[in-house]
Amino acid sequence: DVKVTQSSRYLVKRTGEKVFLECVQDMDHENMFWYRQDPGLGLRLIYFSYDVKMKEKGDIPEGYSVSREKKERFSLILESASTNQTSMYLCAGRTDYGYTFGSGTRLTVV
Amino acid sequence: KNEVEQSPQNLTAQEGEFITINCSYSVGISALHWLQQHPGGGIVSLFMLSSGKKKHGRLIATINIQEKHSSLHITASHPRDSAVYICAGGGADGLTFGKGTHLIIQP
Numbered sequence: 003d004v005k006v007t008q009s010s011r012y013l014v015k016r017t018g019e020k021v022f023l024e025c026v027q028d029m030d031h032e033n034m035f036w037y038r039q040d041p042g043l044g045l046r047l048i049y050f051s052y053d054v055k056m057k058e059k060g061d062i063p064e065g066y067s068v069s070r071e072k073k074e075r076f077s078l079i080l081e082s083a084s085t086n087q088t089s090m091y092l093c094a095g096r097t098d099y100g101y102t103f104g105s106g107t108r109l110t111v112v
Numbered sequence: 839k840n841e842v843e844q845s846p847q848n849l850t851a852q853e854g855e856f857i858t859i860n861c862s863y864s865v866g867i868s869a870l871h872w873l874q875q876h877p878g879g880g881i882v883s884l885f886m887l888s889s890g891k892k893k894h895g896r897l898i899a900t901i902n903i904q905e906k907h908s909s910l911h912i913t914a915s916h917p918r919d920s921a922v923y924i925c926a927g928g929g930a931d932g933l934t935f936g937k938g939t940h941l942i943i944q945p
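Going line by line, the protein sequences match chains A and B. Residue 3 is where the first sequence starts when you use the working numbering, and the numbers rise one by one after that. Residue 839 is where the second sequence starts when you use the working numbering, and the numbers rise one by one after that.
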């Protein structure tokens, strides 16, 4: 099974901080994705990546950026955290057999 | 943009009942996914379907490509099946998700 690991389960950050959410997967040829999940809105795609140094905007990229310097690691960056970015963030990897999700990072911005 | 609609939003049933959750999507997709999320838990992929029917234990998923409709069935439901079930459509560039069905199985 593909494993997708998110480094933090819970994070509390202050408004204006730069925040890094880390995600690591153990398959060499994986597409990787960052989603956020909010009550009533469901899961929405922020960014995705097909390969190293490649990134594509999803449905809600504003306020976020990503980094993929190595194939196994896909980082989500909140350049200047705001309270409306308080959410559950989920990383996912994809193979031809489907998607594998990380356990999620619940981020609170105060 | 693909839209994914699920029904019902909430479902409460008694242990042992046969459960059906429905999903409709608006445009062509490469695959339809059924996902499960327990309270406070991560998301687990149950099925990926592009045609026909798949079965895993007490779970069965079907898809009708012409009607753009999929169903998830749970036979002999059990309280441990209580979770949010999410339908999602898409492919290599990501998934579009339904809002989820919150299922509660009472003993």
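Among the clues, some could well be false.
[Unchecked claim] Pairs of lysine to any residue residues, derived as SDA-like cross-links and limited to a Cα-Cα distance of at most 20 angstroms, are as follows: (1) K937/B / T88/A; (2) K892/B / S862/B; (3) K937/B / H876/B; (4) K937/B / K73/A; (5) K937/B / P41/A; (6) K891/B / Y99/A; (7) K55/A / A930/B; (8) K55/A / P41/A; (9) K891/B / H876/B; (10) K73/A / G18/A.
[Said to hold, decoys possible] Selected chain B positions facing chain A (Cβ under 7 angstroms, derived; list incomplete): (11) F856; (12) P877; (13) G878; (14) S883; (15) L884; (16) R896; (17) A930.
[As the list claims (entries may be wrong)] Here are the in silico distance ranges between beta carbons for each label pair: (18) Y52/A / F856/B: 32 to 42 angstroms; (19) H940/B / E81/A: 30 to 40 angstroms; (20) P41/A / G854/B: 26 to 36 angstroms; (21) S69/A / T850/B: 40 to 50 angstroms.
Hints were generated in silico from the structure; no laboratory data involved. Heads up, the beta-carbon is just placed ideally off N, CA and C, and yes, glycines get one too.
Hint check:
1. Under the criterion of a C-alpha separation no larger than 20 angstroms, the hint pairing K937/B with T88/A is consistent with the structure, at around 19 angstroms.
2. Of the supplied pair hints, the one linking K892/B and S862/B holds, its CA atoms being roughly 17 angstroms apart against a limit of 20 angstroms.
3. Taken as a hint, the K937/B and H876/B pair is honoured in the structure, with Cα atoms around 15 angstroms apart against an allowance of 20 angstroms.
4. Taken as a hint, the K937/B and K73/A pair is broken in the structure, with Cα atoms around 31 angstroms apart against an allowance of 20 angstroms.
5. Between the alpha carbons of K937/B and P41/A the distance comes to roughly 9 angstroms, so the proposed pair stays at or under 20 angstroms and holds.
6. A distance of roughly 15 angstroms separates the Cα atoms of K891/B and Y99/A; the hinted pair therefore holds under the 20 angstroms criterion.
7. For the proposed pair K55/A and A930/B, the alpha carbon gap of about 17 angstroms is at most 20 angstroms, so the pair holds.
8. The suggested pairing of K55/A with P41/A is violated, with an alpha-carbon distance near 32 angstroms, which exceeds 20 angstroms.
9. Proposed proximity of K891/B and H876/B is contradicted: the alpha carbons are some 24 angstroms apart, above 20 angstroms.
10. Pair hint K73/A plus G18/A does not hold up; C-alpha atoms about 29 angstroms apart against a cutoff of 20 angstroms.
11. Given the 7 angstroms rule on beta carbons, the hint for F856/B is violated: about 25 angstroms separates it from the nearest Cβ of chain A.
12. For P877/B, the shortest C-beta to C-beta distance to chain A is roughly 12 angstroms, which exceeds 7 angstroms, and the interface hint is violated.
13. Hint status for G878/B relative to chain A: violated, with the closest Cβ pair at about 9 angstroms, above 7 angstroms.
14. Checking S883/B against chain A by beta carbon gives a least distance of about 5 angstroms; that is within 7 angstroms, so the hint holds.
15. Below 7 angstroms, beta-carbon pairs count as interface contacts, and L884/B has none with chain A, the closest being about 9 angstroms; its hint is therefore violated.
16. The restraint placing R896/B at the interface with chain A is violated, with a minimum CB-CB distance near 20 angstroms, outside the 7 angstroms limit.
17. The beta carbon of A930/B comes within 6 angstroms of a beta carbon in chain A, closer than 7 angstroms, and the hint placing it at the interface holds.
18. Checked against the hint of 32 to 42 angstroms, the pair Y52/A and F856/B passes, with Cβ atoms roughly 41 angstroms apart.
19. The hint said 30 to 40 angstroms for the Cβ distance between H940/B and E81/A, and at roughly 34 angstroms that hint holds.
20. Taken as a hint, the range 26 to 36 angstroms holds for the pair P41/A and G854/B, whose Cβ atoms sit roughly 30 angstroms apart.
21. Checked against the hint of 40 to 50 angstroms, the C-beta distance between S69/A and T850/B comes to roughly 44 angstroms, which is consistent with it.
Going through the hint list in order, the structure does not satisfy hints 4, 8, 9, 10, 11, 12, 13, 15, 16.
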